[in-house]
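Asks: Here the sequence shown stands for residues -14 to 228, where the numbers follow our numbering.
Because the hints were derived from the structure by calculation, they are not lab data.
Any given hint could be a false lead.
Using C-beta positions, here's what the derived DEER-type ranges look like [as the list claims (entries may be wrong)]:
#1 F145 - K17: 29 to 35 angstroms
#2 P216 - T67: 19 to 25 angstroms
#3 G(-4) - H205: 29 to 35 angstroms
#4 E80 - T102: 14 to 20 angstroms
In silico DSSO-like cross-links for lysine-lysine, where the CA-CA straight-line distance does not exceed 27 angstroms [unchecked claim]:
#5 K201 - K220
#6 K180 - K162
#7 K180 - K17
#8 K162 - K17
#9 K180 - K116
#10 K116 - K152
#11 K148 - K180
#12 K201 - K180
#13 K(-13) - K152
#14 K162 - K152
#15 K148 - K220
#16 K152 - K180
No residue lacks a Cβ here, since even glycine has one placed at the ideal position from N, Cα and C.
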Amino acid sequence: MKVIRVGLALGGSISSFSQFDRKNYFYPDLPKGYQISQYQHPIVLGGMLNGVRITRVHLEEDAARLVHTEGSPSNSSGRSATLIDYNRAGVPLMELVTEPDIRTAAGARLFAEQLRTLLRYVNASDADMEKGQMRIEANISLREIADPRGVDADSRGMPFGTKVEVKNINSFRAVEKAILYEIERQADVLEKGEKVIQETRGWDDINEITISQRLKESAHDYRYFPEPDLPPLQKRHLNLKSG
């Protein structure tokens, strides 16, 4: 399995027991009302890529793609509309989750570029972002950098602020620009004494801004339970030599 190649290349641990789960939520890109994913028992745990800790690597099915139009010829009313492309819905994908170790937009771009190199090296994917073979979903949150004594937030164990997830990032250039924009947006909200909302935002590559899409659920809101139609995977059934 390609996901195992990636896990071994990252120095992660291949789980002796891996299970698929149903992730339940309602959104237009999910016609079944649930997504097959992995929650408590992913295939790969841990690992490292150039100083960034890897939390997990798991398999799940892709959702549909939302296409937002603004008075295009395909829209006879001339008004903005959202179209849904179901061509990729249900296609298996590999998702890699990191710990919050990346501190800058440039660092996030570098990590994404290094990940693409690794994916190509182990022949897991061509990882061509223009073709949708690799996508980035950036989670951004702010916190104080230092107190008056010059002690940084990490040393003080300061918690991270409310995180915002940015989707629709389809190039390394957009990764950096989207994160920079979101840092400025959240900083402006906090400086006004307001609260950052936990939400999912989309990246508008033309206007170079993020746009609110929906509120972001917490893990318990998804009501995970074991997928009844897929049996669990056990390490003894996997050929780790050939991947």
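Asks: Next, verify each hint and record whether it holds.
Replies: These are the hints, each one checked on the structure:
1. F145 - K17: 29 to 35 angstroms: holds, 33 angstroms
2. P216 - T67: 19 to 25 angstroms: violated, 37 angstroms
3. G(-4) - H205: 29 to 35 angstroms: With a Cβ separation near 31 angstroms, G(-4) and H205 satisfy 29 to 35 angstroms, so the hint holds.
4. E80 - T102: 14 to 20 angstroms: holds, 18 angstroms
5. K201 - K220: Given pair K201, K220 is violated - Cα atoms ~34 angstroms apart, limit 27 angstroms.
6. K180 - K162: holds, 23 angstroms
7. K180 - K17: Roughly 34 angstroms between the alpha carbons, so the hint for K180 and K17 is violated.
8. K162 - K17: violated, 34 angstroms
9. K180 - K116: violated, 36 angstroms
10. K116 - K152: holds, 16 angstroms
11. K148 - K180: Measuring from Cα to Cα gives roughly 11 angstroms; hence the hint holds.
12. K201 - K180: holds, 15 angstroms
13. K(-13) - K152: holds, 24 angstroms
14. K162 - K152: holds, 13 angstroms
15. K148 - K220: violated, 35 angstroms
16. K152 - K180: Roughly 21 angstroms separates the two Cα atoms, so the pair holds.
Checked against the numbered hints listed earlier, the structure breaks hints 2, 5, 7, 8, 9 and 15; every other hint is satisfied.
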